[in-house]
Structures are given as structure tokens and as C-alpha cells.
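Colleague: Residue numbers (my numbering), protein chains in the order written: chain A, 24 to 694; chain B, 27 to 134.
Wrong hints could be hidden among the right ones.
As the list claims (entries may be wrong) - Short, incomplete list of chain A residues facing chain B, as computed with Cβ under 8 Å:
hint, residue
1, D86
2, T87
3, A90
4, A93
5, I96
6, V100
7, D103
8, G104
9, D105
10, T253
11, Q255
12, T455
13, G579
Quick caveat, the hints were computed from the structure, so don't treat them as lab data.
All residues carry an ideal CB built from backbone N, CA and C; glycine is no exception.
So the chains spell out like this:
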Amino acid sequence: MTTTHGATPTQLGETPATGALCASPARVELLDAGKPDIGDNAGDQDSALTLSDALARLADAEDTLRAIGAGEIDALVVSDGDADPQVFTLTTADRPYRMFVENMHDGAATLSANGVILYANRRLAQLMRCPRETILGSALSTFMTRGTATRWDDILSTDLLRATVEIDLIDAHGVAVPVLVGTSLLDADDDRRTCLTFTDLSPQKAQDREIARLEAERMADLQMAQAALTKQATHDALTGLPNRDLLVDRVDQALLHAERSGRCTALYFVDLDRFKLVNDTHGHAVGNGVLRRVAKRLVATVRTMDTVARIGGDEFVVLASDVANHAHAVEMGVRLSNDLCRRVDGVDGERVAASIGISVSEGGRGTAEILLHEADVAMYRAKSLGGARTQVYDTDLARQARDRGTAQQTLQAALDDSRVIAFYQPIVDVVTQRIAGFEALARILARDGNVLSPSAFIPVAEDSRLVVPLGTQVLELACREAHSWQMTPALGAALTVAVNVSSRQLEPGDLPIVLAETLREISLEPDRLHLELTETAIMDLRPDIVRQLVAIRDLGVEIGLDDFGTGYASLTHLRRLPLSFVKIDQSFVKGLGTDKGDERIVAAVVDLARNLGLRSIAEGVETNEQLDHLRRLGCDQAQGYLFARPAPAENVRRNILASARALTENARRTP
Amino acid sequence: MTAIIGADIAGDAEDEIWDLRLHVAGQSPKSLDAFANLKEMCEKHLAGHYQIEIIDLVEHPALARSDDVLAVPTLVRRLPTPSRKLIGDLSNTKRVLDYLRLPHAPAR
Numbered sequence: 024m025t026t027t028h029g030a031t032p033t034q035l036g037e038t039p040a041t042g043a044l045c046a047s048p049a050r051v052e053l054l055d056a057g058k059p060d061i062g063d064n065a066g067d068q069d070s071a072l073t074l075s076d077a078l079a080r081l082a083d084a085e086d087t088l089r090a091i092g093a094g095e096i097d098a099l100v101v102s103d104g105d106a107d108p109q110v111f112t113l114t115t116a117d118r119p120y121r122m123f124v125e126n127m128h129d130g131a132a133t134l135s136a137n138g139v140i141l142y143a144n145r146r147l148a149q150l151m152r153c154p155r156e157t158i159l160g161s162a163l164s165t166f167m168t169r170g171t172a173t174r175w176d177d178i179l180s181t182d183l184l185r186a187t188v189e190i191d192l193i194d195a196h197g198v199a200v201p202v203l204v205g206t207s208l209l210d211a212d213d214d215r216r217t218c219l220t221f222t223d224l225s226p227q228k229a230q231d232r233e234i235a236r237l238e239a240e241r242m243a244d245l246q247m248a249q250a251a252l253t254k255q256a257t258h259d260a261l262t263g264l265p266n267r268d269l270l271v272d273r274v275d276q277a278l279l280h281a282e283r284s285g286r287c288t289a290l291y292f293v294d295l296d297r298f299k300l301v302n303d304t305h306g307h308a309v310g311n312g313v314l315r316r317v318a319k320r321l322v323a324t325v326r327t328m329d330t331v332a333r334i335g336g337d338e339f340v341v342l343a344s345d346v347a348n349h350a351h352a353v354e355m356g357v358r359l360s361n362d363l364c365r366r367v368d369g370v371d372g373e374r375v376a377a378s379i380g381i382s383v384s385e386g387g388r389g390t391a392e393i394l395l396h397e398a399d400v401a402m403y404r405a406k407s408l409g410g411a412r413t414q415v416y417d418t419d420l421a422r423q424a425r426d427r428g429t430a431q432q433t434l435q436a437a438l439d440d441s442r443v444i445a446f447y448q449p450i451v452d453v454v455t456q457r458i459a460g461f462e463a464l465a466r467i468l469a470r471d472g473n474v475l476s477p478s479a480f481i482p483v484a485e486d487s488r489l490v491v492p493l494g495t496q497v498l499e500l501a502c503r504e505a506h507s508w509q510m511t512p513a514l515g516a517a518l519t520v521a522v523n524v525s526s527r528q529l530e531p532g533d534l535p536i537v538l539a540e541t542l543r544e545i546s547l548e549p550d551r552l553h554l555e556l557t558e559t560a561i562m563d564l565r566p567d568i569v570r571q572l573v574a575i576r577d578l579g580v581e582i583g584l585d586d587f588g589t590g591y592a593s594l595t596h597l598r599r600l601p602l603s604f605v606k607i608d609q610s611f612v613k614g615l616g617t618d619k620g621d622e623r624i625v626a627a628v629v630d631l632a633r634n635l636g637l638r639s640i641a642e643g644v645e646t647n648e649q650l651d652h653l654r655r656l657g658c659d660q661a662q663g664y665l666f667a668r669p670a671p672a673e674n675v676r677r678n679i680l681a682s683a684r685a686l687t688e689n690a691r692r693t694p
Numbered sequence: 027m028t029a030i031i032g033a034d035i036a037g038d039a040e041d042e043i044w045d046l047r048l049h050v051a052g053q054s055p056k057s058l059d060a061f062a063n064l065k066e067m068c069e070k071h072l073a074g075h076y077q078i079e080i081i082d083l084v085e086h087p088a089l090a091r092s093d094d095v096l097a098v099p100t101l102v103r104r105l106p107t108p109s110r111k112l113i114g115d116l117s118n119t120k121r122v123l124d125y126l127r128l129p130h131a132p133a134r
């Protein structure tokens, strides 16, 4: 009933909004002036407000006033004639939204239909670096380049509204500010207003540029690192020479080329003589210096087209491609050798010497690996002939290499199958001729039951690491055997066993521990065990080796020098090392009675040993005459065929039991 | 008017649906308040028996005319008849209940 009357606003004199705001006087006016009218006009419903309408309006106005007084409304509806009413929101009503817009991180603006900025927030003024008053009333296009403005018009005229678009605004100082513009249409009617937000993209762009810069830097670093890695992968760090991989590659290329040209390709395997000694005695810095000088000299000697590579510690390989013939290739090897000997300083005023193995391929025969192997074999031969020479690979060498390979396989198999055994040769007191102990000697029991002589495998063992497991196995066998003697009082006095120790067994540095464990495990009294070291094993008096020997001596194990006089041992060694005995090499013993020189040497060694408190033991005693000489010279002990050949453990046990009885009887007969 | 005031609709017809129309101006704070207050009261007293139509006069100003709306927010009770109108944010619960002749008693 209140909604369908045909009220005419003019009857109230003013728009409802104004009327409402001034409702109190209006009501009074109506009540005072209108009462007679109400009565007069009661019958004229077409042209005048009915009483009930008027009362309803008054009630509305009153209610509106009450609501205003109570702060319950925040918008008024204003009607003006036939036009649609307009809604006016109180300015405070949109304060929360204004707060959002004013303080938001993005710029915001409202544009009129013709692009004039009606409203701009604080942030937009900041972005444009000018006061807000300057912005308001300006066309947005004044903050754009001409090109952007054209594009912007296109954007607005299409249906891309409510989309986002990236443009550059030009700020008050003429600087381009990249922004992301969000657009939304405020009013779908004629008065098209556009609401815009502007997100500043400068920080992001700067970040993007920084990321791009860092990425570029990273790529550059990566490329450098890759180049370095490539170099590292193909070159030797110390000398800068190509390494083995690169060498193999180049040899293969040279061989391919030689296939077509029919010419020769030569490899020179250069190994410095006694280089390990330089490193051990002078340190690696000095050794590295020598290596660098050698590298430099080799590069200077060869042709520019040749390759000099370093493929191991003191191993260099020179590749000469496109060599006319075999003779030329050999000639080049000799020139390399001479050049090194004459031009490169070693240490202690000595020149460097090298063993050079040469392999030659004609017309691209073979592969890089084959040529390298052949040159290696030839170098090995040069070294075994005393070094400081060149050796060309030929079929003899091939056979030798095969033999060595076979011997190594035999030894490896024997180690794997526990077919390593020990033979024992007695060491006898020169005066009493009583057996003091035995030297344990390694033998291999072949699969056919034969015993292989040491010459078949000892050199191979020494050259390869196999000497370490071989030494360990023999040590254990000898200790077990000595323990069985220890447990058989009938054998007589405390028999000792002497075991050979290779220099390679000292390299890991744990020999004292291995020995202590072996002794404990087998329950052998330490003084029953003697170790024999070759002079070369201890010639450089390396601190770690001396330390190990002292530790071994402290276990109660005696240490002696084997083959004394043939190697490098000096008086210094005899004094500094914790030795108990020296063994005089059989080459001197052999001359006793026939060679005055040998006699003098043996006499001097025996004297020296006695003065240093060491026992002297003569090796290879074969005749009674030699024994007489030794007795006269005061040598303590002797071993050799005169007494017994090396024999298996069971023979030894049987024989020494017999000889012990014999000696005992002998002693009884001649007290 | 007296008829209206004297009318007692609520409770007469259990199944009668209250048809309410709320005139608002966008999301002005008082509009939001009014809607929240109305919703709460309806849930409490008319649960399952009412429907609220929201008229946004910012978007559809012409609709103000149909209910003679002068101020926002304004609530119009269209059903049950007679139609009644209440201006304000409906924050005074007692007044709203009295005016709309809703029972004071707890929820039905």
C-alpha cells in the first residue's frame, strides 16, 4: 500500500533528499499548513496527496531522520522528475575503501570517458613524481609517449577491459616507468569511467636485469670452468703437457693419417732413471722441478708437430708422426736421450738420465694402446740394462714381455691358491757349527707338483706389487714353522727364522703392526724372528722407514742387512738403523782363499760389524776352506751349500733332529 | 496505518514465507551492517521461512522508486502483507522486531 501510490515529489516541495535533511521544518510546515488542505483535498485524489500518503511520507521522513540521528544510514536516494534517482553515499561511508586506495602499493586512477584523470591516488603521484593536483584534470596520455598513447587508445577501445597490459608511463622528469595497468570499467552507462591500477614494474625489471647479468656471469664462469676442466681432463697439471688420454687420441689420429701416407709413427717412452730416489731424498718439490725441466727440454727437442705427454710420475711419452722411416725414428730417440742427459740438470750437480723405449709403427700398423705397450716394454728393457739408454721394441722384447706376463700370472695364481711355500736353509755358528736358525726362502709349488725356482718369479714379484702379498705369506709360513720348532724342545736351542722383507713391504707403513699381530696370533716369541732387508730398501733413510724399523726392533724382532757390500749402504746406515746383524754377500765369500781383494773386503766387513756390535753372517759358503777363512776372520755365522741346501720344512725338521743328536753326541765325545 | 500496526501476522501461518527486500548502496558499511543484522535475526526467528532480496541502488538506482526508498539501507517487508518499511542499519534489535511484528520469543 505504501509502494503503489502516484506520489508527486513536487508536493513535498523539494527532493526527498533535501526534504529528509530538512525534515523537521518540513514536517512542521506540513502539519501546520497542510491540515486544512488535507480536509479540502480529501476528495481530489488525482491531483493531491491523500492523507494516508502524506502520513506515510511523514512516517518515512521521521524514520529517516531518526536513522540519521542514530547514524544508521550512509546513503540517500535523490529523485528528480522522471530521471532515475541518484544514490549519494556519505563521504565518510567510503572511508575504508578510500584508505585502501590511498595507501595501496599500486597507483590508482579514475578516468572520465574522454581519458581525463578524475581521481588519482597518492601512489600514482609518487610514481609520476609530481603533485597530485598536476595529475588531476590531465589526460592520462600526457604521461605517455605518442606511440604508447596510440596503443593505449586501441586498448581502451577494444574489449580488453578488465585485462592487464604492460606499458611505459613517462614521469614528470621524462623518465620512463614500466607499469602493469589493470583496467576495469566503472560505469556501463554513457558516462564511461575507467578505473585503473598501475603496478610499478621497475623493481622487477631491475631484478630481471640483475638476474640476467648474474646469469651471464655464471655462464661465463661456467665456460671458464669447463675450459679449465677440459684442459685438466686432457693435460697434466704439473707440466701442462697433454696427459695419457689426449696422447692416445693423438696417436690414433697419427696412425689414421699414416695409413694413408704410409709413413712411420714413433712413440718414445721416457722414464727417468732413479727418479724415485730424487723424490725420496730431496722431497717432491725438488722432484717436481726436475720433471718440469725435463718436460721443457723434451718440448724444445721435438718438432712442433710432435706431442710430448706426461702419463705418470716420471713417465713421459713423445709422439712423432710422419717420420720417414724406421732408422729416422730410432735416430730421434737417441737424440732425445742425449739431449736429456746433456741439457737437463738433475740434483746434486748430476744430469738427468732416462731410459727410453721406442716403438715404431709403419703405415699406421697397430693402435695407440699397442704402441704404448711396446714402447713401455722397450723402456723396461732399457732400464734393466742399466738405464741411460734407448731400446727399440722388437720381437725378442715381445717374447720377454710375454714371459714376464706369464711369470706374473703364475705368481698371482700361486698366491690365490696358497701354493706359496717356504724352503729353509740353516744358518750355522762358524765356531761350534751348531745350527742357530734358518733363513726362510720363498718357493712356488707349481700345479704339476714341481717347485719353481725363485728366479722364475722373484724378479717379477719385485717389479710388481705382488712382492707384498708374497712377503706376507712367507712371513706367516716362517713364523708358524718357527713356532713348531719352539714347541719341539728336542730340536735343541732356540732356533730362529730369518725372513726377507722387500722395500715395498715398508711402503704402506704398517709393517710393525702386521708383525705384532702375526707374532701374537701364532704365539711366536719375537726374538725367534729375524728380518733381512736389502740395502736398497733402506738406502735413503726415510724417517718413516726408520721409525718402522725401530718399532720392529722394539717388538724384540732382530733386523739385519742382506747382501751387504753390493748396494748403497754406508756406515751411516749401519750406525743409524736399529740393526743386529749384517749378511756378507756371497760374491765376496766366493773369493775367500782365491781373491785377496775379496778377503780384505770380508775382513773389513767382519771388523766393522764387530766394532758396531753387529753379528756378521757369511752367505754362500760352499767349501771348508771358505769356512776356515771366516773362522779366522772372526765371522760369527755362515750359511751355504757346505751345510745344507734350502729344503722343505719337513726335511728340515727331520735333519736338524738328526744333526742335533749328532752334535750332542759329538759334544759328549769331545767335551 | 492503524490496521497495519494492529495486525499480528507472525505465528498465524506456520508455512508462510517472509519476503524481505533490503536496499543497499554498494558495499557501504551501513549496508553491510544491515544485511548482517537482518540475516542474524531471520535465522533466529524465521529460520526456513524467509527470503531476502538485496537491491543495490548503486547498480540499479531506478529500483529505489518502486519502494519509495529515501535512504540507505532500507528494509522492506513485502510479505506477509501489509508491506512495511524500516530505515537504518537494523542495529536496534528490539525496535526491528517490534516494527516488523516479529515475536520476541526465542527462535521458532
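Colleague: For every hint, state whether the structure bears it out.
Modeller: Do the hints match the structure? See the list:
Hint status for D86 (chain A): holds, given a least beta-carbon distance of 5 Å to chain B, under 8 Å. Annotation: interface hint on T87 (chain A) holds; nearest CB of chain B at approximately 5 Å, less than 8 Å. Using the Cβ-Cβ criterion of 8 Å, the hint placing A90 (chain A) at the interface with chain B is satisfied: the shortest such distance is roughly 4 Å. Below 8 Å, beta-carbon pairs count as interface contacts, and A93 (chain A) has one with chain B at about 6 Å; its hint therefore holds.
With 8 Å as the threshold, the beta carbon of I96 (chain A) comes within range of chain B, its nearest partner Cβ sitting at about 4 Å, so the hint holds. With a least beta-carbon distance of about 4 Å to chain B, the hint placing V100 (chain A) at the interface is held under the 8 Å criterion. For D103 (chain A), the interface hint is violated, since its Cβ never comes within 8 Å of a Cβ in chain B; the closest pair sits about 11 Å apart. Of the supplied interface hints, the one on G104 (chain A) is violated, with its beta-carbon coming no nearer than about 12 Å to a beta-carbon of chain B, more than 8 Å.
For D105 (chain A), the shortest C-beta to C-beta distance to chain B is roughly 10 Å, which exceeds 8 Å, and the interface hint is violated. Look at T253 (chain A): its Cβ only gets to about 67 Å from chain B, farther than 8 Å, so that hint breaks. Look at Q255 (chain A): its Cβ only gets to about 69 Å from chain B, farther than 8 Å, so that hint breaks. Interface restraint check: T455 (chain A) against chain B, minimum CB-CB distance 123 Å, threshold 8 Å, status violated.
Contact between G579 (chain A) and chain B, as hinted, is not supported at the beta carbon level, the nearest pair being about 100 Å apart and thus beyond 8 Å.
Going down the numbered hints, you'll see the structure goes against 7, 8, 9, 10, 11, 12, 13, while the others check out.
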